[in-house]
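Protein chains in written order, with this note's numbering: chain R, 1 to 64; chain D, 65 to 307.
Since the hints were made in silico from the structure, they are not lab data.
On a predicted model such as this, the values are computed, not experimentally measured, just so you know.
Heads up, the beta-carbon is just placed ideally off N, CA and C, and yes, glycines get one too.
Some clues are possibly wrong.
Unchecked claim - Residues from chain D shown here face chain R by an in silico Cβ test under 8 angstroms; the list is partial:
(1) Leu98
(2) Leu102
(3) Ala107
(4) Thr116
(5) Ile119
(6) Val122
(7) Ile169
(8) Thr173
(9) Leu176
(10) Pro180
(11) Gly183
(12) Thr184
(13) Tyr278
(14) Arg286
(15) Ser289
(16) Ile299
What the hints assert, rightly or not - Only pairs whose alpha carbons sit at most 27 angstroms apart, straight line, appear in this in silico DSS-like list of lysine-lysine:
(17) D:Lys76 with R:Lys37
(18) D:Lys179 with R:Lys40
(19) D:Lys237 with R:Lys34
(20) R:Lys44 with D:Lys295
(21) D:Lys83 with R:Lys44
(22) D:Lys179 with D:Lys76
(23) R:Lys57 with D:Lys295
(24) R:Lys34 with D:Lys179
(25) D:Lys76 with D:Lys220
(26) R:Lys37 with R:Lys54
(27) D:Lys295 with R:Lys40
(28) D:Lys179 with R:Lys44
(29) R:Lys50 with D:Lys295
(30) R:Lys37 with D:Lys295
(31) D:Lys148 with D:Lys237
(32) D:Lys217 with D:Lys295
(33) R:Lys50 with D:Lys83
(34) D:Lys83 with D:Lys217
(35) D:Lys295 with D:Lys83
(36) D:Lys76 with R:Lys40
(37) R:Lys54 with D:Lys295
(38) D:Lys237 with R:Lys40
(39) R:Lys57 with R:Lys34
(40) R:Lys50 with D:Lys179
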Amino acid sequence: MNEIYIFFGMGGYALYVWSSFGFTLIIMLSLLVKSYKNNKYNLKTYEELKSYSKRFKENNVKKP
Amino acid sequence: MKKLHKLANPGKFYRLSEKILPWSNLLAISLCGLGLYLGLFVAPPDYQQGETVRIIYVHVPAATLASLVYAIMAITSAISFIWKNPLGSFIAKAAAPIGAAFTIIAIITGALWGKPTWGTWWIWDARLTSVLILFFLYLGYIGVWQIFEDQNKAAKAAAIIALVGAINLPIIKFSVDWWNTLHQGASIIRLDGPSIHSDILIPLIFMWLGFISYLISVLIIRIQSEITLQKIRAIQIMISEQK
């Protein structure tokens, strides 16, 4: 128990050390998640647009 | 050269990047995990700085990559500008938010280290100021892409910012030598070898490689996103022309 206390205590500098690691983690993870979601969203939009334009072309051809 | 030309084709790049992505993900997780384990549990505290020295395991990789990403951005912008290749500007556009993230991490963790070590969160010294300018350059670059509606004009304006801003890179690198700064000089890449002990250096190298793998992963995801966006635009234009 005491060892855990010493580890997280960081020699009295816990606030500075853990804030640094925490801030880094939050920024890097949120950028990763945002980029990933954005990529998925774009891919979905692209697939939708592709099928829409396909139908659009077919409709145009049918109209004499 | 022929291979380079093939790579410069967005479709080819997309397929290649799909193969790299799982590996860079795996490397990012395992290298950062190993680096954190060694840095937090194995490495001893510094005899002067105590436990605060552990902040360097995130500060140094973030700070070096902050400059590296800007250099990538400047080079790919120049290539795109000269050879009129769209992939170059996709890479630069995709890289900018990652560079901005690394820069703000470097500034904040630097402040969190500076307070207990120097006694101040911030000082207007050459290194800190030039890195703050780097952060504003990133914001300006990202902003330009949003201001212009015409993406070709945006690409040109953004490329100019990326190239002009690159002047700041040698200033950041040599600021600790040219001016009498509070920030310490280079201690890892030196002609006479690193000046820090291997117990601290080894976890730092693992963290640095882990951060590079993370950079590769996120960059790939963002470039793929840009390529898809370009395809979306092409279809939109096609539809609007047929209407």
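Here is what the structure says about each hint:
no. : hint                   : result
1   : Leu98                  : 15 angstroms, violated
2   : Leu102                 : 14 angstroms, violated
3   : Ala107                 : 13 angstroms, violated
4   : Thr116                 : 5 angstroms, holds
5   : Ile119                 : 5 angstroms, holds
6   : Val122                 : 4 angstroms, holds
7   : Ile169                 : 5 angstroms, holds
8   : Thr173                 : 4 angstroms, holds
9   : Leu176                 : 5 angstroms, holds
10  : Pro180                 : 5 angstroms, holds
11  : Gly183                 : 12 angstroms, violated
12  : Thr184                 : 13 angstroms, violated
13  : Tyr278                 : 6 angstroms, holds
14  : Arg286                 : 5 angstroms, holds
15  : Ser289                 : 4 angstroms, holds
16  : Ile299                 : 5 angstroms, holds
17  : D:Lys76 with R:Lys37   : 23 angstroms, holds
18  : D:Lys179 with R:Lys40  : 41 angstroms, violated
19  : D:Lys237 with R:Lys34  : 31 angstroms, violated
20  : R:Lys44 with D:Lys295  : 12 angstroms, holds
21  : D:Lys83 with R:Lys44   : 21 angstroms, holds
22  : D:Lys179 with D:Lys76  : 49 angstroms, violated
23  : R:Lys57 with D:Lys295  : 17 angstroms, holds
24  : R:Lys34 with D:Lys179  : 31 angstroms, violated
25  : D:Lys76 with D:Lys220  : 24 angstroms, holds
26  : R:Lys37 with R:Lys54   : 26 angstroms, holds
27  : D:Lys295 with R:Lys40  : 14 angstroms, holds
28  : D:Lys179 with R:Lys44  : 47 angstroms, violated
29  : R:Lys50 with D:Lys295  : 10 angstroms, holds
30  : R:Lys37 with D:Lys295  : 18 angstroms, holds
31  : D:Lys148 with D:Lys237 : 30 angstroms, violated
32  : D:Lys217 with D:Lys295 : 18 angstroms, holds
33  : R:Lys50 with D:Lys83   : 25 angstroms, holds
34  : D:Lys83 with D:Lys217  : 33 angstroms, violated
35  : D:Lys295 with D:Lys83  : 21 angstroms, holds
36  : D:Lys76 with R:Lys40   : 19 angstroms, holds
37  : R:Lys54 with D:Lys295  : 15 angstroms, holds
38  : D:Lys237 with R:Lys40  : 37 angstroms, violated
39  : R:Lys57 with R:Lys34   : 34 angstroms, violated
40  : R:Lys50 with D:Lys179  : 55 angstroms, violated
Hints 1, 2, 3, 11, 12, 18, 19, 22, 24, 28, 31, 34, 38, 39, 40 from the earlier list are contradicted by this structure; the remaining hints agree with it.
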